[in-house]
Amino acid sequence: MNHWDCMEKKLRRNLLFCLLGLALGIVLALVGNFFYERSSTNESCMACHFHPEAADSWKQSYHYNNPSGTKVDCVQCHLPPKGNFAHFKAKAKIGIKDVWSALTKKKEDIDWESKKELEHATRIVYNSSCLECHVNLYPTGISDEGIVAHLYYDENAEKLNLQCISCHLDAGHFNPNYSHSKMTGVPVSSANTEIYTTLAEVTSFENFTETVPGTSAAIRMVAVPGGKFTIGSPSDEPFRAGDEGPQKEIEVSPFFMSEVEITWDQYWAFYGETMSEGRIDPDVVRAHNSRPDIDAVSGPTPPFGNPDQGWGMGNRPALTMTHYAAEVFCRWLSLRTGRHYRLPTEAEWEYAARGGTDGAYFFDGKIRKFAKDTTVIGGYVVYSLNSRNRTQEPSRVKPNPFGLKNMLGNVMEYCSDWYAEDAYAQLRDGEKDPQGPATGTEHVVRGGFYADAAGRVRSAARSHTRHDDWLRTDPQIPKSIWWYSDVKGIGFRVVCDVPEGIN
108 MNHWDCMEKK LRRNLLFCLL GLALGIVLAL VGNFFYERSS TNESCMACHF
158 HPEAADSWKQ SYHYNNPSGT KVDCVQCHLP PKGNFAHFKA KAKIGIKDVW
208 SALTKKKEDI DWESKKELEH ATRIVYNSSC LECHVNLYPT GISDEGIVAH
258 LYYDENAEKL NLQCISCHLD AGHFNPNYSH SKMTGVPVSS ANTEIYTTLA
308 EVTSFENFTE TVPGTSAAIR MVAVPGGKFT IGSPSDEPFR AGDEGPQKEI
358 EVSPFFMSEV EITWDQYWAF YGETMSEGRI DPDVVRAHNS RPDIDAVSGP
408 TPPFGNPDQG WGMGNRPALT MTHYAAEVFC RWLSLRTGRH YRLPTEAEWE
458 YAARGGTDGA YFFDGKIRKF AKDTTVIGGY VVYSLNSRNR TQEPSRVKPN
508 PFGLKNMLGN VMEYCSDWYA EDAYAQLRDG EKDPQGPATG TEHVVRGGFY
558 ADAAGRVRSA ARSHTRHDDW LRTDPQIPKS IWWYSDVKGI GFRVVCDVPE
608 GIN
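In this note's numbering, the protein residues as written are 108 to 610.
Fair warning: there could be bad hints in the mix.
[Stated by the list, open to error] Using C-beta positions, here's what the derived DEER-type ranges look like:
1. V391 - A154: 52 to 60 Å
2. N172 - L244: 18 to 26 Å
3. A154 - A264: 55 to 63 Å
4. D388 - G176: 39 to 47 Å
5. A264 - G547: 29 to 37 Å
6. D388 - G547: 23 to 31 Å
7. E226 - E358: 34 to 42 Å
8. D343 - H287: 30 to 38 Å
9. K200 - N493: 28 to 36 Å
Keep in mind the hints are simulated off the structure, nothing from the lab. Ideal placement from N, C-alpha and C gives every residue a C-beta, glycine not left out.
Model the full structure from these sequences, guided by the hints.
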């Protein structure tokens, strides 16, 4: 065999290998595409996704049940658009996670309610996929409010990292408790139908129930004795943050504090008497409410959607109101009762939260253990491990030594102080009734909330409002002074100064 014959034979062999490789590649591609397509069907998603309501809520949603008859499939929302690496990467990641969950987890152990919340939805719904389908954000028939909202989105989507799902949470899975419109009317509680006709009498420094004539609002007030305590946390306390020191000995005067966070029933009584149907210039509202001679305040405008997040109202804590709204509530309550109600100072709040104790919590236990074990802390605090990612009623927990409930967890609570990281450095040992910094841009909030870990619901843990960020998706110009659009776990409780003549 000469040289050319050898070359020809080798060439044929290489060509055969190439053809076999090509054929194998085609077969693998066809098989891969088959499995890719099959694993992208709704049936395949449902096979691993054993959420008990996923299929039914999808079929009731606008993505399935709509006038055009268009059906939006699972992968069209829960994966990035086809045609790029991000799509395949997300598909592989989600697929592996779903299969693993189906094989290793019991569906009854999964907190399905928390999976319905926006915080979870933003991790599994892709903005790019929303825009892939919804090319025209200004279709025929869109409302004026919709135009304003979508213009705001167009102008700020990238700058503020706005997500379509923030306003359209129920588009893919129907939620009967979700509302995409301005609230009408005033919610009425079915629990307490009694309309009070007289004020509470306060003749001694003892617990009393404040009643607002003409409403069904009753607020249980606890007498908190004055005293001295050490504000802040020691440097060796686990999870301590830098703004919790240096520790100082502080004295506070006696005061009354609401036993629980202001409830929806109580807040709606205020709303029903003071609400403003139309939008009024915020400067005009502030000017009116700040006058010392007014006999009635101008209150909130209607919120957009359900401010209770569909969790229920009644005795659950009212939430999503601004710091200003909480202050106006106090002014309203003062005008209606003749007593001086206000938000607590930060010093009063921590003194009340500690209830005469000096540890990380007002109950015994090791802090680091509470990060995993709810046996002890769960009886006193609504936090990330026992909240089901939502607020709970006060009856869920036991009170602290002063008789106050939910001082830690459930919702963050407004204080009257401006926030400063070095606020305690500005205090003097032995100072009485400190009021906090004279100026600032954000207010102190204390107590942590239902989604916080154990380290964030300690008695000394400090935080503050994030005013602009909490209004990130509010498209109104000017933005609301009454309701926050981007925070859920914020509320407040009130303090009443001890009336003159009472020891």
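Taking the numbered hints from earlier one at a time, note which ones the structure violates and give those numbers from smallest to largest.
Violated: hints 3, 8.
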